[in-house]
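Q: Chains as they are written, first to last, in our numbering: chain D, 1 to 664; chain C, 1001 to 1154; chain S, 2001 to 2502.
What the hints contain is simulated information worked out from the structure, not anything from laboratory work. All clues given are correct.
In silico SDA-like pairs for lysine to any residue, Cα to Cα no more than 25 Å straight-line:
#1 D:Lys101 / S:Ile2457
#2 D:Lys461 / C:Leu1049
#3 D:Lys441 / D:Asp411
#4 D:Lys101 / S:Thr2488
#5 D:Lys247 / D:His310
#6 D:Lys17 / D:Val29
#7 S:Lys2153 / D:Arg75
#8 D:Lys288 / D:Val299
Bear in mind that the values here come from a model prediction, so they are computed numbers and not experimental data.
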Amino acid sequence: MKDFIIPTERDMGTPAKVGAPVTLEIDGVAVTVPEGTSVLRAAAEAGIPIPKLCASDNLEAFGSCRLCVVEIEGRRGTPASCTTPVTPGMVVHTGSAKVRKIRRGVMELYISDHPLDCLTCSANGDCELQDMAGAVGLRDVRYEAPNNGGMVNHFAPRTTSGEANPEWLPKDDSNPYFSYDPSKCIVCNRCVRACEEVQGTFALTIAGRGFDSRVKAGGAGDDFLASDCVSCGACVQACPTAALQEKSIIEIGTPDRAVITTCAYCGVGCSFRAEMNGDTLVRMVPYKHGKANRGHSCVKGRFAYGYAHHKDRILKPMTRERISDPWREVSWDEALSFAATRMRSLQAQYGRKSIGVITSSRCTNEETYLVQKLARAVFGNNNTDTCARVCHSPTGYGLGQTFGTSAGTQDFDSVEQTDVVIVIGANPTDGHPVFASRLKKRLRAGAKLIVVDPRRIDLVKSPHIAAAHHLPLRPGTNVAVVSALAHVIVTEGLMDEAFIRARCDWDEFQHYAEFISNPRHSPEATALLTGVDPVELRAAARLFATSGNGAIYYGLGVTEHSQGSTTVMGIANLAMLTGNIGRPGVGVNPLRGQNNVQGACDMGSFPHELPGYRHIKGPEVRAIFEEAWGVQIDAEPGLRIPNMLDAAVDGTFKGLYCQGEDIL
Amino acid sequence: MTEPAADEIDAILRAHLHLEGPLLPILHAMQEACGHIPEAAHRPIAEALNISRAELHGVISFYHDFRAKPAGRHVLRICRAEACQAVGGAALAEATLAKLGLEWRGTTANGAVTVEPVYCLGLCACAPAAMLDGRVVGRVDSARMDALLAEAGA
Amino acid sequence: MKIYIPMDSAAKALGVEEVATAIRTAAPEAEIIRTGTRGMIWLEPLVEVEIDGERHGYGPATVGDVAGILDGSSVKALGPVADLDWMRRQTRLTFARVGVIDPLSLADYEAHGGLAGLRRALGMDGAGIVAEVTRSGLRGRGGAGFPTGIKWKTVQEAQAPQKYIVCNADEGDSGTFADRMIMEGDPFTLIEGMAIAGLGVGATRGYVYLRSEYPDAIAVMRRAVEIARGAGVLGADVLGSGRAFDMEIRVGAGAYVCGEETSLLNSLEGKRGVVRAKPPLPALEGFLGRPTVVNNVISLATVPVIFEKGAAYYADFGLGRSRGTVTLQIAGNVARGGLFETAFGITLGEVVNDLGGGTLTGRPVKAVQVGGPLGAYIPVGNFDAALGYEELDAKGGLLGHAGLVVFDDGADMLGMARFAMEFCAVESCGKCTPCRIGAVRGVETIDRIAAGDGAAIPLLTDLCETMKDGSLCALGGLTPLPVMSALTHFPDDFATRREAAE
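For reference, chain D alone in the conformation it holds in the complex (with noise of 0.2 Å):
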């Protein structure tokens, strides 16, 4: 049940940790977190809020800002709590007068170089300067201008002299989401290592030093715009003022709810939280506990959604009796009992089998679950089907050929404990991007990465990735290289015997062995038909084979060729054979078109399969759901959807009931 319960919103400063359990006292209370830990955060799991600007749960610690310095008994001065990392018995005091003053005394500063138009401030009432600002009891700034000069500052456009103040810099408004107003930055860095840390495209940067740090997008003369930016919104959710704010909160004003909702553009499947106000959708924002996303998100989630809002989109429900009629806007009651009285008389006319379903990956598996059951439990038939049937009916077909269900074995969690990545036919960066950002964070932290891909992508080289090795195949041999791989790890003894003895069928396996044994398999044997040179594919084969967790990621680049089963089950040939499957870091893992293509398929979706992919063949399993069900069940597969689109030409099939699918 607790995935259920919506956890807060709170941020806790600085990211969780593992490790075995400390326990100090802040404030007098006892507190246990694990090691590493800051104290910032055990603060806050304690329930004392610590004021902070530069900090933030899903960037590393900076040390910036000084507000939340504490006093630690036994230590000289007033640390940062977000820098320094619990000791056991630690006490921590967080309120005393001395960090009061100076936390008073820092935001005197802040707001010295601040602009005062709080009220008419799109970040009114959402800016933890404002609230920072309040929690500290700042009352008065001091700071004046001298005689001989006006105040230095980042926000007047004009010195009190009338000249050009050159601190000041105008709005860049070039990205079309997002604006960025250098006379709102409190240079906490945050936008920056945001962009570095969670997004990992590294556009921005702070320009300068001292009191001239500047917040900056891409190179020397660039804006927003002409940046490396890929407007995936990291930096706009990371700041503290109105510095980087989403257009639309300029325009529109604050929202005043929210609702957690699923982004359908690609198949990472990134937690929203719809900000609304009223009925307008104001923005979208990652949300932080999404279990795919962790809070980050690409443009499409994060900008994208003119879809909401516009013209076109239908918002009653409407019926035509012919195709050369005009929509009606009917009443629901009206739509439904249109359809259903329709459905019912094709099936009078034309027989039982002459309408069928279509569901869509991008819906619940509430949904789907239902849609298929509609066709078994209320047409009589076995007529449903699904796209993800179609795109990934290679992994359907090769992961239930090789480990019995056609499911990918990971999360996306996973890729945080990987050591070694192998990336086929897929494009990450461009096809699911937020997958990609945690997959480079990895990478970063020192996983090693293997692209085969024809294409020189991204990962192969950016700002801090580079590849170990890139296979570059011809289009076409994937089961050559993939074989080639596995050819040299069994030939140079690199499988993983333990684990196969174990998990796996050995003397199976002595077949599987001899075969992928043959030099025909090798890479020097291949290398003419794959276009890929032997060394790099052996040093590619022994990396993966040797550095630990090891993780396979492909698309459909793999699956939408012709041998695309064939390279499914080489692929899984490969984990199995290196012994990365199940545990967390490890696996076969498709990237998938859409967001819920497992849970489609295993609601049932596909016309030969009940729920949970059991045979509709089989009459103890047709048993279970007419009890269930209280209906009789059709023994015999339905027709997928090209079947359902040929008997339709035939005139055998009438009516089609489709959720969430465009299949034209």
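We have chain D; now place chains C and S onto it with these hints.
A: Just chains C and S now, with coordinates in the frame of chain D:
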């Protein structure tokens, strides 16, 4: 002396890429060769080091030594630090700037001299100190300063 | 005829090259040996002529003095240099060879005790080397005074595939030039010290991060490293021991804050020279995230003599917890400026009045800034302060890198306080708020005080407290020291203008 050819940039990069932390040595070499860090070199440097252009800009703009544009033919650096101030360094610097009609980091109209502040040349026991290009000068008074300026053609 | 002519940049700044050229022309047969400086900068250019095996000094020498120097009739004759009061009163351990030998002659270096320490260290294991440094009581000479042995022990015990020795030669403090002087005058001693450090902690690579404002030191150090490598002092097989240590000279790029060890490491890595939060300590996660010893030039250059003469010999000098010698750099408005190495414990008054001979202008001393731009202005009333880490701390001061800048009564202490804030604003890395914004507000607030706004004084005091307690590193954290010491000890300089304005 100003815009380097692609092969010159490549040569500088190749000479330094084996170093641990090669960026500052590369930037020094680039400035040595061109008198400044030309924008044309930004992309090749970033690509060679596998860093972003933003990061490179962040680094270049942090260090006062690195110039975006070439300086004058000579660079005169006058120490502003305390030991030099103790023996009239501030007045000397002000008088020099006033004589040339420059602000700090300004270049004379004839392009001969750029005057920059420097914070300590380690000549604190023979202050005030200055440095003309790479050459140090101690106990600088107005006569010595005039001689230096004349030599530089200011 | 053997003639010794310094090539230290202080001597160059005072015209030694013209004198050297004149001597070469006038005495083409003479053997001319270029040396570092003896540290008596008021006597530079100081030419030494060997007479009966003894080196006689002439200085400050000009081209016009050359004939007299060569025939012994010069009025600039000082007698044997070793007998000069300034030299006799010193305990030259770290600087024993500076001004004496040819900095780039390894043979000269060895003839004067060089490499003896390294040879002894090669007979010890890492733990033994670290223990010897710990026993010597050596503390970081860069300013913080952290025990060197403890730092080395942390690195020695850390497990890592690569460790580093990084020498902090970013000597940016005004009034200090000891690092420059030893690098120009005895570079092999720094190289030897780094090699011993490398053997001690298990580091095979070293870097000297040397500020770009020292072109002469850069040239000498680079050449010295080449010579040492060529002679097998550096490389894969240090002095035939089978143990490796090699090093490189890296040049800074005009950022005072890179003298702070974590900024220095960022800079060395090719990043913006911003300060890193500690922990992690550089000793555990330093250069490229690997265990790293970061020591000042003088700390490392003192290591060879500790190994040559033994830890006990070194620890015998000094007072309290300040063991060994301190290399005072006497500068600013002073009659006799230069470097003076002595046991810890000498008083400030003795240094300024006795050694330094009072001000250059002949006017009364007003204040001495000890420890660079982040050090306190100490009034004459506190001249009884003994120069030791704790002793000066007790007087509200900071020994720092042991530079002393003397000011006469013409100094405007409000102006100096303003400059301290201005310097902090120019050199702030910009990471932490108290320093980034505080230094700019400090300048403005002092301007208000200067204009007669007395209400700004408590604000300045509050600001200094915020900077002192709230800053990430010593730049923002110690800038209040010169400001507040000026305000505390010289209130008249902050009051007169107000009264004048009223």
